[in-house]
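These are the residues of each chain, in order.
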Amino acid sequence: MQLPLRYILTVSELTQEIKDILEDKFTEVWVDGEISNLRIPPSGHIYFTLKDDFSQIRAVLFKMQARILRFLPEDGLHIICRGRVSLYEKRGDYQLILESIEPKGIGALQLALLQLKERLEKEGLFDPAQKKSIPMVPQKIGIVTSPTGAAIQDMLHILERRFENLHILLFPVRVQGEGASSEIAEAIKYFNKFTEVDVIIVGRGGGSLEDLWAFNEEVVARAIYHSKIPIISAIGHETDYTIADFVADLRAPTPSAAAELVVRDKREMKNILHYLGGRLENEMFQILQGYRTHLSHLVKIFKEPGKKIEEYFLRVDDLTNQLRLLTSWTLKRRGDKCLHLSESLLLRNPMQRVKTLRFFVLEAKKHLGQNIKYSIEIQRQRIGGLLGKLDSLSPLSILQRGYSITRKLPSLQILRDAAHVKEGDKVEVKLYQGTLFCGVEKTEKS
Amino acid sequence: MPKEKFEDALNKLEKIVSKLEEGDIPLEESLKLFEEGIRLSRFCNQKLDEAEKKVEILLKGKNGILKPHPFEPSINSGQTPLAGEEEKEEE
Chain A
1 MQLPLRYILT VSELTQEIKD ILEDKFTEVW VDGEISNLRI PPSGHIYFTL
51 KDDFSQIRAV LFKMQARILR FLPEDGLHII CRGRVSLYEK RGDYQLILES
101 IEPKGIGALQ LALLQLKERL EKEGLFDPAQ KKSIPMVPQK IGIVTSPTGA
151 AIQDMLHILE RRFENLHILL FPVRVQGEGA SSEIAEAIKY FNKFTEVDVI
201 IVGRGGGSLE DLWAFNEEVV ARAIYHSKIP IISAIGHETD YTIADFVADL
251 RAPTPSAAAE LVVRDKREMK NILHYLGGRL ENEMFQILQG YRTHLSHLVK
301 IFKEPGKKIE EYFLRVDDLT NQLRLLTSWT LKRRGDKCLH LSESLLLRNP
351 MQRVKTLRFF VLEAKKHLGQ NIKYSIEIQR QRIGGLLGKL DSLSPLSILQ
401 RGYSITRKLP SLQILRDAAH VKEGDKVEVK LYQGTLFCGV EKTEKS
Chain B
1001 MPKEKFEDAL NKLEKIVSKL EEGDIPLEES LKLFEEGIRL SRFCNQKLDE
1051 AEKKVEILLK GKNGILKPHP FEPSINSGQT PLAGEEEKEE E
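As given, the protein sequences belong to chains A and B, one line each in that order. Sequential numbering from 1 applies to the first sequence in this note's numbering. Sequential numbering from 1001 applies to the second sequence in this note's numbering.
Simulated from the structure, these hints should not be mistaken for lab results. Just so it is clear, the structure is predicted and the values come from calculations on it, not from any experiment. Every residue, glycine too, gets a C-beta built ideally from N, C-alpha and C. It cannot be assumed that every hint is accurate.
[Claimed, not checked] PhoX-like mimics (lysine-lysine), calculated; alpha carbons at most 20 Å apart, straight line:
#1 B:K1012 to A:K193
#2 A:K270 to B:K1005
#3 A:K132 to B:K1003
#4 A:K140 to B:K1032
#5 A:K355 to A:K365
#6 B:K1054 to A:K266
#7 B:K1067 to B:K1005
#8 A:K140 to B:K1015
#9 A:K266 to B:K1067
#10 B:K1053 to A:K270
#11 A:K132 to A:K189
#12 A:K270 to B:K1067
#13 B:K1019 to A:K132
[Said to hold, decoys possible] Partial list, derived from the structure: chain A residues whose beta carbon lies under 8 Å from chain B:
#14 Y47
#15 L69
#16 P135
#17 I158
#18 H167
#19 I168
#20 L170
#21 P172
#22 Y190
#23 M269
#24 K270
#25 L273
#26 L276
#27 G277
#28 L345
[As the list claims (entries may be wrong)] Among chain B residues calculated to face chain A with C-beta under 8 Å, some are:
#29 I1016
#30 D1049
#31 E1052
Produce the complete structure using the sequences and hints provided.
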């Protein structure tokens, strides 16, 4: 359309023309972009900016469409949206009015699942510490599953085979489709409130993510978490993991596996008990035997003490004999030597020697006596002789004959030589009787 | 009043057997342990035989209350008690 020269538009006119062009051209578009500036006011409408590296455009998903979203839009999430372009005259800007948005690269369901899983995990619903243990011998088992289908049939078969007397209570539910999740949650609550089952199995056969979706829903997860009765999840195939599997107290890879896990084989249990009972009785028997033997032994002694004493006598004698035999041989060897030694000893008997010596002494004494007598006589004679001689040699007898002893005074030196004195010296003259004190008048050499 | 559990009883029984095998226990105590062991063994056997064989399905009766009914898995009983309002008496 060409504008005539110098045709002047109002703002509104211009805006309207732009709006027509835009809204005609873009009545339905698919756009790939990243969410940013996400805003969800109380009205429930979702406002955000859809952008790529170079451009951005405002977008809105109104409440009616937002309601059915399976996942939560987040900043940074890459999405593919379907919508139309619209121009808002009042503000003079354009935006995308979206019909639907889908996460790019991953299904909406899968994203929703991831988001829910993260949220519940943070809340602690998967906490291993809170998981209850499965009773070893449950007598009443509750099952939450479809009453038709292979799952329940397989479970009942296996349970019957392993343990014939079980009380099984089935709460039939829809396992997919609208409302299935609330039925499953109700069943779990019912078992908790109105029955006394020991364990609950919640499960179904294999299927797609959509088929199993009920077991990913929050209401089921919370019902499992709040159950006071332990719950085994048995959903799909080995590789299927639903949120229910994470919350459950025990996960079985399939419903059949659950039946194997929930109860031991009864025959096996009976065997274990039988074996333990046997060991118990055997041990007790051994212990009692031990005591019995000991007791009878004691009783024997108690009844015949004399016998026991005799036994001891015999034993002592026997041992003594052994000892003797052992020592006699040793002694024999030593004995011979001893004999030899003792004979030698006898020869050297000091007593003999003492006798001999004593004899000698006596003889010597005798002789001595005799000798002494003889000696004494001789000595007497000698002494007499000597005395006589002595007498004659005694100065007194000399003096008696008229001789005198002269001694120099004061030294009392005996004088033999006249040269030893000079005139005037004093001398002492000892006579046979009396003493003279003289002075020298003259000396003469002989 | 807590009921004695099978696995607790079994554990106790195993412990008693081990203790008796170890030996070195006065006679009176070993007799007491033996008695308890026998009691536990009987209890466990009883527990295994106790349960009654029953397979039931919960269905809503006319008054809307769920009641157990005998259940045969081969029969296609399609209805779940929390879905529609109708109930069928199936056998």
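How the hints compare with the structure:
no. : hint               : result
1   : B:K1012 to A:K193  : 32 Å, violated
2   : A:K270 to B:K1005  : 16 Å, holds
3   : A:K132 to B:K1003  : 17 Å, holds
4   : A:K140 to B:K1032  : 33 Å, violated
5   : A:K355 to A:K365   : 15 Å, holds
6   : B:K1054 to A:K266  : 16 Å, holds
7   : B:K1067 to B:K1005 : 28 Å, violated
8   : A:K140 to B:K1015  : 28 Å, violated
9   : A:K266 to B:K1067  : 29 Å, violated
10  : B:K1053 to A:K270  : 18 Å, holds
11  : A:K132 to A:K189   : 17 Å, holds
12  : A:K270 to B:K1067  : 34 Å, violated
13  : B:K1019 to A:K132  : 30 Å, violated
14  : Y47                : 39 Å, violated
15  : L69                : 27 Å, violated
16  : P135               : 7 Å, holds
17  : I158               : 12 Å, violated
18  : H167               : 4 Å, holds
19  : I168               : 5 Å, holds
20  : L170               : 5 Å, holds
21  : P172               : 5 Å, holds
22  : Y190               : 7 Å, holds
23  : M269               : 6 Å, holds
24  : K270               : 6 Å, holds
25  : L273               : 5 Å, holds
26  : L276               : 5 Å, holds
27  : G277               : 5 Å, holds
28  : L345               : 64 Å, violated
29  : I1016              : 7 Å, holds
30  : D1049              : 7 Å, holds
31  : E1052              : 6 Å, holds
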